[in-house]
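> Hey, can you work out the whole structure from these sequences and the hints?
Residues per chain are reported as follows:
2 protein chains.
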Amino acid sequence: MVLNYFFNPRSIAVIGASSDEKKLGFEVFKNLKNYHGNVYPVNIKEEEVQGVKAYKNVKEIPDEVDLAIIIVPPKFVKQTVADCGEKGVKAIVIITAGFGETGEKGKKEEREIVEIAHKYGMRIIGPNCVGIMNTHANLNATFISVAKKGNIAFVSQSGALGAAIVYKAIKENIGFSKFISVGNMADVDFADLMEYLADDEESKAIALYIEGVKDGKRFMEVAKKVSKKKPIIVLKAGKSESGAKAASSHTGSLAGSYAIYEAAFNQSGLLIANTIDEMLSMARAFTQPLPKGNRVAIMTNAGGPGVLTADEIDKYGLKLAQLKEETMQKLREFLPPMAAVKNPVDMIASARGEDYYKTAKLLLEDENVDLLIAICVVPTFAGMTITEHAEGVIRAMRELNNEKPVLALFMAGYVSEKAKELLEREGIPAYERPEDVGIAAYALTKFKEIKEEV
Amino acid sequence: MVLNYFFNPRSIAVIGASSDEKKLGFEVFKNLKNYHGNVYPVNIKEEEVQGVKAYKNVKEIPDEVDLAIIIVPPKFVKQTVADCGEKGVKAIVIITAGFGETGEKGKKEEREIVEIAHKYGMRIIGPNCVGIMNTHANLNATFISVAKKGNIAFVSQSGALGAAIVYKAIKENIGFSKFISVGNMADVDFADLMEYLADDEESKAIALYIEGVKDGKRFMEVAKKVSKKKPIIVLKAGKSESGAKAASSHTGSLAGSYAIYEAAFNQSGLLIANTIDEMLSMARAFTQPLPKGNRVAIMTNAGGPGVLTADEIDKYGLKLAQLKEETMQKLREFLPPMAAVKNPVDMIASARGEDYYKTAKLLLEDENVDLLIAICVVPTFAGMTITEHAEGVIRAMRELNNEKPVLALFMAGYVSEKAKELLEREGIPAYERPEDVGIAAYALTKFKEIKEEV
Numbered sequence: 000m001v002l003n004y005f006f007n008p009r010s011i012a013v014i015g016a017s018s019d020e021k022k023l024g025f026e027v028f029k030n031l032k033n034y035h036g037n038v039y040p041v042n043i044k045e046e047e048v049q050g051v052k053a054y055k056n057v058k059e060i061p062d063e064v065d066l067a068i069i070i071v072p073p074k075f076v077k078q079t080v081a082d083c084g085e086k087g088v089k090a091i092v093i094i095t096a097g098f099g100e101t102g103e104k105g106k107k108e109e110r111e112i113v114e115i116a117h118k119y120g121m122r123i124i125g126p127n128c129v130g131i132m133n134t135h136a137n138l139n140a141t142f143i144s145v146a147k148k149g150n151i152a153f154v155s156q157s158g159a160l161g162a163a164i165v166y167k168a169i170k171e172n173i174g175f176s177k178f179i180s181v182g183n184m185a186d187v188d189f190a191d192l193m194e195y196l197a198d199d200e201e202s203k204a205i206a207l208y209i210e211g212v213k214d215g216k217r218f219m220e221v222a223k224k225v226s227k228k229k230p231i232i233v234l235k236a237g238k239s240e241s242g243a244k245a246a247s248s249h250t251g252s253l254a255g256s257y258a259i260y261e262a263a264f265n266q267s268g269l270l271i272a273n274t275i276d277e278m279l280s281m282a283r284a285f286t287q288p289l290p291k292g293n294r295v296a297i298m299t300n301a302g303g304p305g306v307l308t309a310d311e312i313d314k315y316g317l318k319l320a321q322l323k324e325e326t327m328q329k330l331r332e333f334l335p336p337m338a339a340v341k342n343p344v345d346m347i348a349s350a351r352g353e354d355y356y357k358t359a360k361l362l363l364e365d366e367n368v369d370l371l372i373a374i375c376v377v378p379t380f381a382g383m384t385i386t387e388h389a390e391g392v393i394r395a396m397r398e399l400n401n402e403k404p405v406l407a408l409f410m411a412g413y414v415s416e417k418a419k420e421l422l423e424r425e426g427i428p429a430y431e432r433p434e435d436v437g438i439a440a441y442a443l444t445k446f447k448e449i450k451e452e453v
Numbered sequence: 000m001v002l003n004y005f006f007n008p009r010s011i012a013v014i015g016a017s018s019d020e021k022k023l024g025f026e027v028f029k030n031l032k033n034y035h036g037n038v039y040p041v042n043i044k045e046e047e048v049q050g051v052k053a054y055k056n057v058k059e060i061p062d063e064v065d066l067a068i069i070i071v072p073p074k075f076v077k078q079t080v081a082d083c084g085e086k087g088v089k090a091i092v093i094i095t096a097g098f099g100e101t102g103e104k105g106k107k108e109e110r111e112i113v114e115i116a117h118k119y120g121m122r123i124i125g126p127n128c129v130g131i132m133n134t135h136a137n138l139n140a141t142f143i144s145v146a147k148k149g150n151i152a153f154v155s156q157s158g159a160l161g162a163a164i165v166y167k168a169i170k171e172n173i174g175f176s177k178f179i180s181v182g183n184m185a186d187v188d189f190a191d192l193m194e195y196l197a198d199d200e201e202s203k204a205i206a207l208y209i210e211g212v213k214d215g216k217r218f219m220e221v222a223k224k225v226s227k228k229k230p231i232i233v234l235k236a237g238k239s240e241s242g243a244k245a246a247s248s249h250t251g252s253l254a255g256s257y258a259i260y261e262a263a264f265n266q267s268g269l270l271i272a273n274t275i276d277e278m279l280s281m282a283r284a285f286t287q288p289l290p291k292g293n294r295v296a297i298m299t300n301a302g303g304p305g306v307l308t309a310d311e312i313d314k315y316g317l318k319l320a321q322l323k324e325e326t327m328q329k330l331r332e333f334l335p336p337m338a339a340v341k342n343p344v345d346m347i348a349s350a351r352g353e354d355y356y357k358t359a360k361l362l363l364e365d366e367n368v369d370l371l372i373a374i375c376v377v378p379t380f381a382g383m384t385i386t387e388h389a390e391g392v393i394r395a396m397r398e399l400n401n402e403k404p405v406l407a408l409f410m411a412g413y414v415s416e417k418a419k420e421l422l423e424r425e426g427i428p429a430y431e432r433p434e435d436v437g438i439a440a441y442a443l444t445k446f447k448e449i450k451e452e453v
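Chains as they are written, first to last, in numbering that gives the first Met the number 0: chain S, 0 to 453; chain C, 0 to 453.
Just so you know, the hints here were simulated from the structure itself, not pulled from any lab data. Please note that a few of the clues may not be correct.
In this list, chains with the same sequence are indistinguishable; a pair is considered to hold if it fits within one copy or across any two.
[To be verified] Below are the SDA-like pairs computed for lysine to any residue, each with C-alpha atoms no more than 25 Å apart in a straight line:
1. K223 to G120
2. K106 to R331
3. K32 to E210
4. K170 to D65
5. K86 to K341
6. K213 to A338
7. K417 to I169
8. K244 to R331
9. K224 to S144
10. K314 to R432
11. K22 to R351
12. K229 to N7
13. K118 to E103
14. K224 to T286
15. K170 to T386
16. K104 to V145
17. K341 to E240
18. K244 to K314
19. K314 to K447
20. K224 to I449
21. K417 to E171
22. K147 to M327
23. K170 to R424
From a predicted model like this one, the values you see are computed outputs, not experimental measurements.
So, in structure tokens, the structure goes:
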């Protein structure tokens, strides 16, 4: 597939690479330097870029070039694309802005550029974008910091917001498999990327930030097909009247009624997020297997968070599992008298790692339970580390071969960071807020339904 | 007011203070050591606690004692409270658990303890709680880490969740003026605390986490009065059927229909939060003046976040302000041609600190604007630091004497942390998510309405 040249190129040309720290071409080349394939700087003036021999034109590079990143001023872009065609480049990312987003003249030029590219069988991402990342191949073809390695393919129609989300994800230890800033979508669009990412083994979920879809029919066709295979989570800006007005003032185009988008998203089997956190929380869930039904067991070391989480799952039509008598009896055997053995199981503050292990195991073995949420707040007893609680859950999950999904809610702010890392390393998404773990549980059950719909 | 002895005691006795690191009494005494008043450890066995001479009984302390913190085993609590009475103690925090939450026998004992206290004119917070903090007096009478100094008085009915929220707030740089874990509320309850906090100058907002209210009538009476003076934000657990069931399994008592609570909260002028983040986001807003109306101006350096924020304010019935022609004309004079001068004002990615300053000033001067939201995402141009954007907003606000409220949305994850700190130091709440700044704007306008209702 030609899109693979974007994410796993054998060699890259950075056209507009620079040694001048004030230029975007400086950051892009710096970010690409460590890529395992050959990376060639192209600059009409500089003989050397950041210590690497530079070429005046992509055509002079004495090697094949799969991917070209273009960061030259807008007036040189068209000729540069033609040069890439002659060189035999397969894929182009145009970071340069000043095209379709500026008005009719820019739109016309954008179309001409795409025509040139297609003549040579090349595909274009952009223009007016931040670039692309493939964290699993150590590829950062952007001018921003690289995302952490993970399982979410994140596609953003807003470059700035996309970058903001990358930085947020770094801070919150959320990993991406790919980051794709699609810019004006002059050529490669959401549909192309969904198709490509459907078969990308490193991406367990696809998250889309959408401002407006151009070819609605094709978008829906592809989404319908891909959403049977892989969860697609969508966040659409411009939901409200004010938002739509803002979007129209921003892009000059109508954002379209959100009701229409919503209907189309639902028909296409997409999972709809209302906020960035909802989008990320849902996407993170898919390192876990899908549940067989919607019966949720909650285990906790404090009542309050259990109640807040029960409130959240209720919002999405999930049910508190009715535990088997046998399960409750066994829980009663080792939990203290003050503990609640009915779901939500409140092991109370004295619970240690061993209690987490035994309780998680019993709940996962109960045939009335489809999904487990393991909650931990600050242990109130001195000498306790919150990591042992995480380890207990991990041990239970390992022994049971991970057949039922487990989600974690570790709410102790900076105190629980290490425990969350342990869980994440095992593929157990560890959330900090009841609403995040609630919508994650919803996403797993909803995707199960979408897959099974005829 | 007698409650002041809890938060500004001249001297404190820690009864059950210990040198044994495994005991809660170790942490509590350690946390109190730096208090400016005298702090005396009381321990029946230890001659010295953490290097400080200990007393066998509170009555032996050769000084007046305003506040006693009790962490002795439950069977000794009643006698200890009586000793405190004889000593002339004014206020008692009982951290020890094992009373009303264990059943009828415990409830009876709890009542007896309160009777003893009242006989001596003492008030009790607890039992079964984490303790209390007054960050402005360097008082941390709990066994957890101290919260950052701030303007929110946070009262929690769940000790563990309260602690989790303190740790979360530390991580997110949100400050508390007071933290009060009320435990079983055997004596001092929400109503008492609202009354006290209404006059507390260090608390600009009161945030309550509620599982269940005992004396509904008095709660409403006090809330109605206090909410005219100071914003009270309430988060109630057990909103849904599952949640109510969970709460009932947790406490053994019925949580009561949420619809009834909701009606009572609304009648009493409380601001209702649905999540912890909503509670904190609303409470943080009140370092700003109240808006005259509900017309919001948004300035941003990227379209997407402006649209998402417009979506959020719309949810709460706020309006995008219609800017005056004159304002738009003046914006046009210095913003680049690609910028949008209609609200939301999109200064585009090239915007620097000076643009933030000029734009903020023009928007705040526009008589059609009641409230300003200043948004900043990652500046995409190399050599730009996000702090200059924050400084621009601060400068505009200072020059205009802070008459209209300004809220900030700085979305660049770890990249924007320093900028957010600068803003917070000036009393401008700096959020990271559109939904948080949206509900903060709502809280300011809603509280304005509540104050003015007859």
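> All the hints need checking, so say for each whether the structure fits it.
Verification of the hints:
Within a single copy, K223 and G120 get their C-alpha atoms no closer than 27 Å, and across copies no closer than 71 Å, so neither meets the 25 Å cut-off. When the C-alpha separation of K106 and R331 is checked against a cutoff of 25 Å, the pair qualifies only between copies, where the shortest distance is 23 Å, while the shortest distance within a copy is 69 Å. Neither within a single protomer nor between protomers do K32 and E210 lie at most 25 Å apart by alpha-carbon distance, with minima of 32 Å and 55 Å respectively. Taking identical chains as interchangeable, the C-alpha atoms of K170 and D65 are never at most 25 Å apart, the minima being 33 Å within one chain and 44 Å between chains.
For a Cα distance limit of 25 Å, the shortest separation of K86 from K341 qualifies neither inside one copy, at 68 Å, nor across copies, at 45 Å. In this assembly of identical chains, K213 and A338 lie within 25 Å of each other by CA distance solely across copies; the values are 23 Å between and 56 Å within a copy. Taking the shortest alpha-carbon separations for K417 and I169, both the intra-copy value of 15 Å and the inter-copy value of 16 Å come in at or below 25 Å. In this assembly of identical chains, K244 and R331 lie within 25 Å of each other by CA distance solely across copies; the values are 19 Å between and 58 Å within a copy.
In this assembly of identical chains, the alpha carbons of K224 and S144 never lie at most 25 Å apart, being 33 Å within a copy and 51 Å across copies at closest. Taking identical chains as interchangeable, the C-alpha atoms of K314 and R432 lie at most 25 Å apart whether they share a chain (15 Å) or sit on different chains (22 Å). In this homomeric assembly, K22 and R351 come within 25 Å of each other (Cα to Cα) only across copies, at 16 Å, whereas the closest approach inside a single copy is 54 Å. Only within a single protomer do K229 and N7 lie at most 25 Å apart by alpha-carbon distance; the minimum there is 21 Å, versus 58 Å between protomers.
For the identical chains of this complex, K118 and E103 are intra-copy neighbours only, at 23 Å inside a copy versus 84 Å across copies, given an alpha-carbon limit of 25 Å. Within a single copy, K224 and T286 get their C-alpha atoms as close as 21 Å, which meets the 25 Å cut-off; across copies the closest is 51 Å, which misses it. Within a single copy, K170 and T386 get their C-alpha atoms as close as 20 Å, and across copies as close as 18 Å, so both meet the 25 Å cut-off. Neither within a single protomer nor between protomers do K104 and V145 lie at most 25 Å apart by alpha-carbon distance, with minima of 34 Å and 60 Å respectively.
Proximity of K341 and E240 under a CA criterion of 25 Å is satisfied inter-copy only: 15 Å between copies versus 45 Å inside one chain copy. In this assembly of identical chains, the alpha carbons of K244 and K314 lie at most 25 Å apart only when taken from different copies (14 Å versus 30 Å within one copy). Taking the shortest alpha-carbon separations for K314 and K447, only the intra-copy value of 18 Å comes in at or below 25 Å, while the best inter-copy value is 30 Å. In this assembly of identical chains, the alpha carbons of K224 and I449 lie at most 25 Å apart only when taken from the same copy (11 Å versus 51 Å across copies).
In this homomeric assembly, K417 and E171 come within 25 Å of each other (Cα to Cα) both inside a single copy, at 12 Å, and across copies, at 17 Å. Taking the closest pair of Cα atoms, K147 and M327 never come within 25 Å of each other, the shortest separation being 41 Å inside a single copy and 41 Å across copies. In this assembly of identical chains, the alpha carbons of K170 and R424 lie at most 25 Å apart whether taken from the same copy (16 Å) or from different copies (22 Å).
When the structure is compared with the earlier hints, violations turn up for hints 1, 3, 4, 5, 9, 16, 22 and for no others.
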